[in-house]
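Start from the sequences and build out the full structure, keeping to the hints where you can.
Protein chains: 2
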Amino acid sequence: MALIVQKFGGSSVEGVDRIKNVASRVGTYRLRGDKVVTVVSAMRGVTDNLVKLAAEITPMPNDREMDMLLATGEQTTIALLAMALHSLDLPAVSLTGAQAGIVTDGVHSKAKINNITPGQIHAMLDKGNVVIVAGFQGQTSDGRITTLGRGGSDLTAIALASVLKADLCQIYTDVDGVYTADPRVVPNARKLNEISYDEMMELASLGTKVMQSRSVEFAKKFNVKFEVRSSLNNNPGTMVMEETESMEAVVVRGVSLDSNQAKMTVTAVPDKPGHAARVFTALAEAAVNVDMIVQNVSHGTATPATDISFTADAPDLPRARQVIADLKDEIGYASVEGDETIAKVSVVGVGMRTHPGVAAKVFETLGIANINIGMISTSEIKISVVVEASQGEEATRVLHEAFFGDDKEG
Amino acid sequence: MALIVQKFGGSSVEGVDRIKNVASRVGTYRLRGDKVVTVVSAMRGVTDNLVKLAAEITPMPNDREMDMLLATGEQTTIALLAMALHSLDLPAVSLTGAQAGIVTDGVHSKAKINNITPGQIHAMLDKGNVVIVAGFQGQTSDGRITTLGRGGSDLTAIALASVLKADLCQIYTDVDGVYTADPRVVPNARKLNEISYDEMMELASLGTKVMQSRSVEFAKKFNVKFEVRSSLNNNPGTMVMEETESMEAVVVRGVSLDSNQAKMTVTAVPDKPGHAARVFTALAEAAVNVDMIVQNVSHGTATPATDISFTADAPDLPRARQVIADLKDEIGYASVEGDETIAKVSVVGVGMRTHPGVAAKVFETLGIANINIGMISTSEIKISVVVEASQGEEATRVLHEAFFGDDKEG
Numbered sequence: 001m002a003l004i005v006q007k008f009g010g011s012s013v014e015g016v017d018r019i020k021n022v023a024s025r026v027g028t029y030r031l032r033g034d035k036v037v038t039v040v041s042a043m044r045g046v047t048d049n050l051v052k053l054a055a056e057i058t059p060m061p062n063d064r065e066m067d068m069l070l071a072t073g074e075q076t077t078i079a080l081l082a083m084a085l086h087s088l089d090l091p092a093v094s095l096t097g098a099q100a101g102i103v104t105d106g107v108h109s110k111a112k113i114n115n116i117t118p119g120q121i122h123a124m125l126d127k128g129n130v131v132i133v134a135g136f137q138g139q140t141s142d143g144r145i146t147t148l149g150r151g152g153s154d155l156t157a158i159a160l161a162s163v164l165k166a167d168l169c170q171i172y173t174d175v176d177g178v179y180t181a182d183p184r185v186v187p188n189a190r191k192l193n194e195i196s197y198d199e200m201m202e203l204a205s206l207g208t209k210v211m212q213s214r215s216v217e218f219a220k221k222f223n224v225k226f227e228v229r230s231s232l233n234n235n236p237g238t239m240v241m242e243e244t245e246s247m248e249a250v251v252v253r254g255v256s257l258d259s260n261q262a263k264m265t266v267t268a269v270p271d272k273p274g275h276a277a278r279v280f281t282a283l284a285e286a287a288v289n290v291d292m293i294v295q296n297v298s299h300g301t302a303t304p305a306t307d308i309s310f311t312a313d314a315p316d317l318p319r320a321r322q323v324i325a326d327l328k329d330e331i332g333y334a335s336v337e338g339d340e341t342i343a344k345v346s347v348v349g350v351g352m353r354t355h356p357g358v359a360a361k362v363f364e365t366l367g368i369a370n371i372n373i374g375m376i377s378t379s380e381i382k383i384s385v386v387v388e389a390s391q392g393e394e395a396t397r398v399l400h401e402a403f404f405g406d407d408k409e410g
Numbered sequence: 001m002a003l004i005v006q007k008f009g010g011s012s013v014e015g016v017d018r019i020k021n022v023a024s025r026v027g028t029y030r031l032r033g034d035k036v037v038t039v040v041s042a043m044r045g046v047t048d049n050l051v052k053l054a055a056e057i058t059p060m061p062n063d064r065e066m067d068m069l070l071a072t073g074e075q076t077t078i079a080l081l082a083m084a085l086h087s088l089d090l091p092a093v094s095l096t097g098a099q100a101g102i103v104t105d106g107v108h109s110k111a112k113i114n115n116i117t118p119g120q121i122h123a124m125l126d127k128g129n130v131v132i133v134a135g136f137q138g139q140t141s142d143g144r145i146t147t148l149g150r151g152g153s154d155l156t157a158i159a160l161a162s163v164l165k166a167d168l169c170q171i172y173t174d175v176d177g178v179y180t181a182d183p184r185v186v187p188n189a190r191k192l193n194e195i196s197y198d199e200m201m202e203l204a205s206l207g208t209k210v211m212q213s214r215s216v217e218f219a220k221k222f223n224v225k226f227e228v229r230s231s232l233n234n235n236p237g238t239m240v241m242e243e244t245e246s247m248e249a250v251v252v253r254g255v256s257l258d259s260n261q262a263k264m265t266v267t268a269v270p271d272k273p274g275h276a277a278r279v280f281t282a283l284a285e286a287a288v289n290v291d292m293i294v295q296n297v298s299h300g301t302a303t304p305a306t307d308i309s310f311t312a313d314a315p316d317l318p319r320a321r322q323v324i325a326d327l328k329d330e331i332g333y334a335s336v337e338g339d340e341t342i343a344k345v346s347v348v349g350v351g352m353r354t355h356p357g358v359a360a361k362v363f364e365t366l367g368i369a370n371i372n373i374g375m376i377s378t379s380e381i382k383i384s385v386v387v388e389a390s391q392g393e394e395a396t397r398v399l400h401e402a403f404f405g406d407d408k409e410g
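For the protein sequence lines, the chains are A and B, in the order given. Residue numbering for the first sequence follows the numbering used here, starting at 1 and increasing by one per position. Residue numbering for the second sequence follows the numbering used here, starting at 1 and increasing by one per position.
Accuracy of the hints is not assured; some may be wrong.
Note that the list lumps identical chains together, so a pair holds whenever it fits in one copy or between two copies.
[What the hints assert, rightly or not] Pairs of lysine to any residue, SDA-like flavour, derived with a Cα cap of 25 Å:
hint	residue 1	residue 2
1	Lys220	Gln322
2	Lys191	Glu242
3	Lys127	Met60
4	Lys52	Gly27
5	Lys52	Ser11
6	Lys127	Thr58
Because the hints were derived from the structure by calculation, they are not lab data. Only a predicted model underlies this, so the values are computations on that prediction, with no experimental measurement involved.
Structure follows, in structure tokens:
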């Protein structure tokens, strides 16, 4: 008999039939004697509709009231899932985030979990119930309803698994697990049996949309091993866990493509100390998440000057452009150029720490394929390159072939 | 500066535009310096949709989970109304029933309010906020979400007015107040300025759909004076209050028509002690709300026997029929006859206590109009008669004319 925390996202509970499906899956575990805590999101589309409703009232809804409004989404799902379990003759009770004892800070719309008092959950599990908890939400210590922001339901599940000392934490989604590459881009990509938190975080922040890196970071911090698996079949998924020694034997865990990046270049910035810092401080204040930075000597200027290029999420480009425009008088530069036709391709693997030569292999592979590298950035376990958007998929394929082509263990 | 509790029902908050209307009405009071607590229901249609959704999951949804589900309806409205007040630059916060300190018993789907701890409400009023409370809901002392059943939002408002010692309690609805008769039946019916709790309860239980009698009963118990008025205009409404001496001067307060009644007759019940009691006990156990009872000697039976007739709500007729059928062997009777073509017309007024002759005037008036009386029932402040359904409206009109025709003060 194990204690299992399961999380089902919005697409897994979209509509009555899928809720019934989830109920029978949950029931399988309960019937074999496990204690089950199930975390669910709002049905897909529900949150968007609530946001739209609020927007019809006011363009700038108050965060506290927005949380009050959005929290109804998961509350609806938990009640319906409990009913679905009842109709299978399984005892089940639903709990809102607040009732489950999830206490957060007061930052509405992106609250952090401060602590969890799982007394209610334990009491209800002990009575034989499946306990269904509303994901994505909690309450402050003075009783305000809060929401945890994007990926919040994953966070709820991982935090509950930690505090309940669960034997197993399963994150159900609409993919079979984490792959060596996006199967839509690389048809022979294969599912990983395991991956370390650090690799998963790099992949999460690189555009692989299985999970938010924030939840993985939380899991790493509290050492919660979890499985990413599909709610549509019974295939085993991918275990996300602390790095093991055997993981280092594998040089590259996966190849990731992020086409949602843009590049900006500020040309002929006078070469004075502090100018570059001024630019990136202003961007940070405007919450533009800058990724790679490259600085080059400008050509054809009378006084020494540099061209500063950086990449950021494409939707942030207009905001970044405004920030730079506002700095024109202060620092003086020639022009600002934006380029949304870029893609970022990354290879990730904890094995890189102990296996030199990965960067060389990346550059060589892309060179042979005639793919030009625009920018480069590296971390201990990651090498990212910027290429022409039109060549992003090809770059992903050739790199995947180079590192996984002869079916090395991924 | 007054403390005002206002309640807006589902039709008053149906859709974004009406919510904005409510906000500006609430704002008017707030801007003149009043402290305002606003109780709202779910938007019209929302609760029905949630019930439908639950029915798709299971035909017999669990009461606890049903309350969890339905409570989202009001929670949605309070958040949206708070946002609408913000967009008028008015400070406002929303509170669920639980957050507002409304503690109920554990009878899900028709919980009773045990007590209210208004600490949060006071704290938020003191900060200048309009406090918006979800009607119809509360929580048990051990933290389960409950709902109060039909008319629950009225109950929330009246209970809050009581515990907050409000100067004024306003129940906004889609009619201008309580009338001497239904204006759709009696075009020259007029709005009452005031009515006693007892009269209002008789009218509420007689099919006048302004409020549930349960809420009026609660108001009477805690002596909460309240005003029924329209959310669509600024006309003063009807004050519902303790009986005053001047009220007794008026003989009849109103004439009410209830077309939703049915009559059943059980013929030739052997005239033995306890048989009638047996019938009505069984009906009560089946939750058939019996209203009038008439017992007559049967004709043409060998041994002494009686015909027992009674009226009940028309939707209860099939259940009543089943109850009587189940008793056939036990008590023995000839036949059961159901009649849905009846209407009940009532005249109500506390003045009847001190003014004899009202019954005579009722019978005389109906006699002149050639309207046959099927059954009669009276209380201290009410006379009800059953007539043919086809004559119900005519009976209402002639009685209204008899008591109000020369525009006596109502």
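Problem - Intra/inter-copy verdict for Lys127 and Met60 if alpha-carbon distance must be at most 25 Å - result: between (45 Å within a copy, 22 Å between copies)
Handout entry: Within, between, both or neither, where Lys220 and Gln322 count as close if Cα-Cα is 25 Å or less
Key = Result: close neither inside a copy nor across copies, 37 Å intra and 64 Å inter.
Problem - Identical-chain pair category, Lys52 with Gly27, by Cα at 25 Å - result: Only across copies: Lys52 and Gly27 sit 24 Å apart there, 35 Å inside one copy, limit 25 Å.
Handout entry: Copy assignment of Lys127 with Thr58, given that the CA separation must stay at most 25 Å
Key = So Lys127 and Thr58 pass the 25 Å test across copies only (23 Å; inside, 45 Å).
Problem - Identical-chain pair category, Lys191 with Glu242, by Cα at 25 Å - result: within (18 Å within a copy, 75 Å between copies)
Problem - Intra- versus inter-copy proximity for Ser11 and Lys52 (alpha-carbon distance at most 25 Å) - result: both (19 Å within a copy, 21 Å between copies)
Comparing the model with each earlier hint shows a violation of hint 1 alone; every other hint is respected.
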